[in-house]
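Position chain B relative to chain A; hints supplied.
2 protein chains.
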Amino acid sequence: MAEISLHRPFPASEVTGWDFETDVAVIGFGATGACAAIEAATAGAKVMLFERNSGSGGASGLSGGEIYIGGNGGTEVQRAAGFNDTTADFAAYLKAAGGPCADEAKCELYAEQALDHFAWLKAQGVPYRGNYLPGKHIEPTDDSTLIWSGSEAAAPFCNLSKPAPRGHVIQHMGWGGGRPLVDILEARARDLGVEVVVDARAVALVQDGKRIVGCVVRIDNADRFVKAAKGVVLATGGFVMNEEMRRKYCPDSFRVNSPIGDQDDGTGINLGVGAGGDAIHMDQFFTTCPWTMPEPQAQGVFVNVAGQRFINEDCYHGRVSRCAVDQPGGKVYLLLDSAHFDQPLEMAGITIAGTGDSWEEVEAELEMPQNTLAATMHFYNRHAAEGRDPLFDKKEPILVPLDQAPFVALELNFQTSYFSFFTLGGLKTSTDGEVLDRTGVPIAGLFAAGRCTSGLPAWGHGYSSGMSLADCTFFGRQAGRKAATQ
Amino acid sequence: MAEISLHRPFPASEVTGWDFETDVAVIGFGATGACAAIEAATAGAKVMLFERNSGSGGASGLSGGEIYIGGNGGTEVQRAAGFNDTTADFAAYLKAAGGPCADEAKCELYAEQALDHFAWLKAQGVPYRGNYLPGKHIEPTDDSTLIWSGSEAAAPFCNLSKPAPRGHVIQHMGWGGGRPLVDILEARARDLGVEVVVDARAVALVQDGKRIVGCVVRIDNADRFVKAAKGVVLATGGFVMNEEMRRKYCPDSFRVNSPIGDQDDGTGINLGVGAGGDAIHMDQFFTTCPWTMPEPQAQGVFVNVAGQRFINEDCYHGRVSRCAVDQPGGKVYLLLDSAHFDQPLEMAGITIAGTGDSWEEVEAELEMPQNTLAATMHFYNRHAAEGRDPLFDKKEPILVPLDQAPFVALELNFQTSYFSFFTLGGLKTSTDGEVLDRTGVPIAGLFAAGRCTSGLPAWGHGYSSGMSLADCTFFGRQAGRKAATQ
Numbered sequence: 052m053a054e055i056s057l058h059r060p061f062p063a064s065e066v067t068g069w070d071f072e073t074d075v076a077v078i079g080f081g082a083t084g085a086c087a088a089i090e091a092a093t094a095g096a097k098v099m100l101f102e103r104n105s106g107s108g109g110a111s112g113l114s115g116g117e118i119y120i121g122g123n124g125g126t127e128v129q130r131a132a133g134f135n136d137t138t139a140d141f142a143a144y145l146k147a148a149g150g151p152c153a154d155e156a157k158c159e160l161y162a163e164q165a166l167d168h169f170a171w172l173k174a175q176g177v178p179y180r181g182n183y184l185p186g187k188h189i190e191p192t193d194d195s196t197l198i199w200s201g202s203e204a205a206a207p208f209c210n211l212s213k214p215a216p217r218g219h220v221i222q223h224m225g226w227g228g229g230r231p232l233v234d235i236l237e238a239r240a241r242d243l244g245v246e247v248v249v250d251a252r253a254v255a256l257v258q259d260g261k262r263i264v265g266c267v268v269r270i271d272n273a274d275r276f277v278k279a280a281k282g283v284v285l286a287t288g289g290f291v292m293n294e295e296m297r298r299k300y301c302p303d304s305f306r307v308n309s310p311i312g313d314q315d316d317g318t319g320i321n322l323g324v325g326a327g328g329d330a331i332h333m334d335q336f337f338t339t340c341p342w343t344m345p346e347p348q349a350q351g352v353f354v355n356v357a358g359q360r361f362i363n364e365d366c367y368h369g370r371v372s373r374c375a376v377d378q379p380g381g382k383v384y385l386l387l388d389s390a391h392f393d394q395p396l397e398m399a400g401i402t403i404a405g406t407g408d409s410w411e412e413v414e415a416e417l418e419m420p421q422n423t424l425a426a427t428m429h430f431y432n433r434h435a436a437e438g439r440d441p442l443f444d445k446k447e448p449i450l451v452p453l454d455q456a457p458f459v460a461l462e463l464n465f466q467t468s469y470f471s472f473f474t475l476g477g478l479k480t481s482t483d484g485e486v487l488d489r490t491g492v493p494i495a496g497l498f499a500a501g502r503c504t505s506g507l508p509a510w511g512h513g514y515s516s517g518m519s520l521a522d523c524t525f526f527g528r529q530a531g532r533k534a535a536t537q
Numbered sequence: 052m053a054e055i056s057l058h059r060p061f062p063a064s065e066v067t068g069w070d071f072e073t074d075v076a077v078i079g080f081g082a083t084g085a086c087a088a089i090e091a092a093t094a095g096a097k098v099m100l101f102e103r104n105s106g107s108g109g110a111s112g113l114s115g116g117e118i119y120i121g122g123n124g125g126t127e128v129q130r131a132a133g134f135n136d137t138t139a140d141f142a143a144y145l146k147a148a149g150g151p152c153a154d155e156a157k158c159e160l161y162a163e164q165a166l167d168h169f170a171w172l173k174a175q176g177v178p179y180r181g182n183y184l185p186g187k188h189i190e191p192t193d194d195s196t197l198i199w200s201g202s203e204a205a206a207p208f209c210n211l212s213k214p215a216p217r218g219h220v221i222q223h224m225g226w227g228g229g230r231p232l233v234d235i236l237e238a239r240a241r242d243l244g245v246e247v248v249v250d251a252r253a254v255a256l257v258q259d260g261k262r263i264v265g266c267v268v269r270i271d272n273a274d275r276f277v278k279a280a281k282g283v284v285l286a287t288g289g290f291v292m293n294e295e296m297r298r299k300y301c302p303d304s305f306r307v308n309s310p311i312g313d314q315d316d317g318t319g320i321n322l323g324v325g326a327g328g329d330a331i332h333m334d335q336f337f338t339t340c341p342w343t344m345p346e347p348q349a350q351g352v353f354v355n356v357a358g359q360r361f362i363n364e365d366c367y368h369g370r371v372s373r374c375a376v377d378q379p380g381g382k383v384y385l386l387l388d389s390a391h392f393d394q395p396l397e398m399a400g401i402t403i404a405g406t407g408d409s410w411e412e413v414e415a416e417l418e419m420p421q422n423t424l425a426a427t428m429h430f431y432n433r434h435a436a437e438g439r440d441p442l443f444d445k446k447e448p449i450l451v452p453l454d455q456a457p458f459v460a461l462e463l464n465f466q467t468s469y470f471s472f473f474t475l476g477g478l479k480t481s482t483d484g485e486v487l488d489r490t491g492v493p494i495a496g497l498f499a500a501g502r503c504t505s506g507l508p509a510w511g512h513g514y515s516s517g518m519s520l521a522d523c524t525f526f527g528r529q530a531g532r533k534a535a536t537q
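As they're listed, the protein sequences go chains A and B. Position 457, counted from 1, in the first sequence is what my numbering calls 508; the numbers after and before it change by one each time, with no gaps. Position 203, counted from 1, in the second sequence is what my numbering calls 254; the numbers after and before it change by one each time, with no gaps.
Worth flagging that the hints you see were computed from the coordinates, not collected in a lab.
In this list, chains with the same sequence are indistinguishable; a pair is considered to hold if it fits within one copy or across any two.
With a straight-line cut-off of 20 Å between C-alpha atoms, the simulated EDC-like cross-links for lysine to aspartate or glutamate are:
#, residue 1, residue 2
1, Lys146, Asp303
2, Lys261, Glu65
3, Lys261, Glu54
4, Lys97, Glu72
5, Lys146, Glu159
6, Lys446, Glu346
7, Lys173, Glu163
8, Lys146, Glu295
9, Lys382, Asp444
This structure is a prediction, so every number in the text was calculated from the model and none was measured.
So here's chain A without its partners, still in its complex pose (with noise of 0.2 Å):
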């Protein structure tokens, strides 16, 4: 008898007995897994979900509920705030911020409909109390609906594309919207008729000929087998959590060492590819330290152990994160004056390495030559003074001389300060959501979204807050809907 494995589809004809029949079978029961049940429910199909653990959630549940939305003009919420945001505008933001050789297909289909996937969330349940909230956030800390949430009004961003604010979050207040998303779209599915099976984590898919017809699920220990006369989709995550396959795909994550995320071992990418699916752009990863929390810390700069900028401080706390990752040495330093000095958020694990009343004395403080922290803080100082950075284009109001004695240098070290991470690597899917073998053809039965995939957010220096939920949930919508139409 075949072996029931995730690196090979299980032969239909050695099966013997199917367990549960249905049409479509979800695997996982994030944000993903939810939307494209309900949309399969909602095209007539039966459909059951399978999820390991014990309820929903997924690393969706863990996140801020913040989903990425533009284009069309904008949403009721953009144009209330006094933002048009035009479809060409928002796909562009969308292409740069997928880095090289993203998926623009993706972009501009979710640009188009964007506005449309807002209208399907509002009807499904999730509320948006329809404000915007100005500054600089990671996540509102009330129930605020918009904020800037990426790198949009930053070079080079806002030199391709108009800026606007796209981070829509669920109305909820304080952090981990995610929660409550995930059960507002789980009592959605549920309405819906959809079949939830928890405690049952997937290890195979079940092949006909070239078709997928099911999967294994292993329920108490037992194997049990699921027809799918539909299809499967895969909807289980990314795989910052298994180590193996990030040291074979991943290996520069291992200069960070916060992984965010429930279960995410890259069973679907694996499932996926032993069924012929291409796994794609597999080296990224999306990083960040919450170093701008609290908000006057969004004005410092960020200097290398060579005490060199190397960003406009400006873009999405993810972005700046990343590239500091980039830097040689394991850290960099983030430099602040007392106008704009705060205790950094504890959880952080940023720390003070060096103060004193002039920027030399904190130059010295951190043992580096003269001339290297204190020049570049004289030159950017100065310039500030003009509202100008002409070494990386960082704009105002983030760019303030930080001139007011005494000065600190924060140290975010890559391993020892709070550098969450996740994958953005994984399956190549349609726009339908349909997995992709190597030569672009769609495999049978087979559909993926969200972080098993490589989708919108596929570029951890452009990453933008709500990129990977927008994608999740359009992405996991048009999986479900194309499975359910087979």
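Chain B only, in chain A's frame:
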């Protein structure tokens, strides 16, 4: 009938007749394939070698014929030049140069056996003059043997492992020693009875159950079936010539635009993955721009478009070039004074971007803000005069003040200068050259070596000249020997 595909093995049960029968089929006739064939034949196997071109060569034939060798106290060439090179130092360098998640087992095995490998190469007829050529060279322009071909003497490598020159170049007047190297190996393979079939392109593997039992080659547009009783060795090179694969797996390589290779279209990687193999570190690529020719230019200083240095320029030219390509702005500048400027090699496509009687004048001519490039150079010169580089630890004799007016800034443009490059990612193999599946288990009957695998040269930022040919020849031999003893 099953389809003939690079991406899925053809079932042996559907083969209606074998056109060729052999013990070991080697695919690709560069140095890797030649070495695999020699060892398999030496072990008593009947060997056929299939090459898609009309003759041997591959990317090896385009190379300098330089092989990275050391350890066990050093080769006789190293020892005669006064270098004692321990196995521990050699292995430590290989691991550091292999980057994060280097294949430590391959580094250790090669460090232990490289001297024997050198003896073997000589026994095949590869000639070495036996002398040491000091200085900074890309390849000897005479027929010298031993050169510094990596970053051994530069930080941080020199702090991890005692430096020694390890690039051993075939005796051959001028550049291009790769061609005679392959010729010698080809002659040896033919002497041993290896049957060479040219104009024969591999288009599929043949599988019986889980075992690879042969391959399909296309000759005169007809598919011919090859039975390989003991195994198939993939030796087809990387994927630098396959833009679609680069888009999916190595997007950053599009920053540069001078691929070097032969027919390196990823055939072996696709065949291997299609058979269940694992392709790893696929984002990695080597690149270099020949800026150290003529040699005085090795004393130059690199700055990015912000006027910042970014590397100790005494590193290997490929490491400096790879770090250059990480810089923003699509170009970097090489700064030289009149004591060190010489006309760059024409093929390098390096242009003069600015000149001046002071670094301030050069800075202004490049339209950089005041006190950027000039400040960098004053800082550099002041410390270089004291024999120190406090920022990047560049060392003498490469470290010299650049203070003899007039001054020049040469532009190395990633798109228009000659940044040659090739890919480093590929199949995961055991130290015996077995292709491993995604769980780490060898795929019976399938072997690979050279640039269709991920081997010693696994990290673009750490590559050293001769590492790829070392990997190709040594692990090519391992694969051939293992295949023959199945």
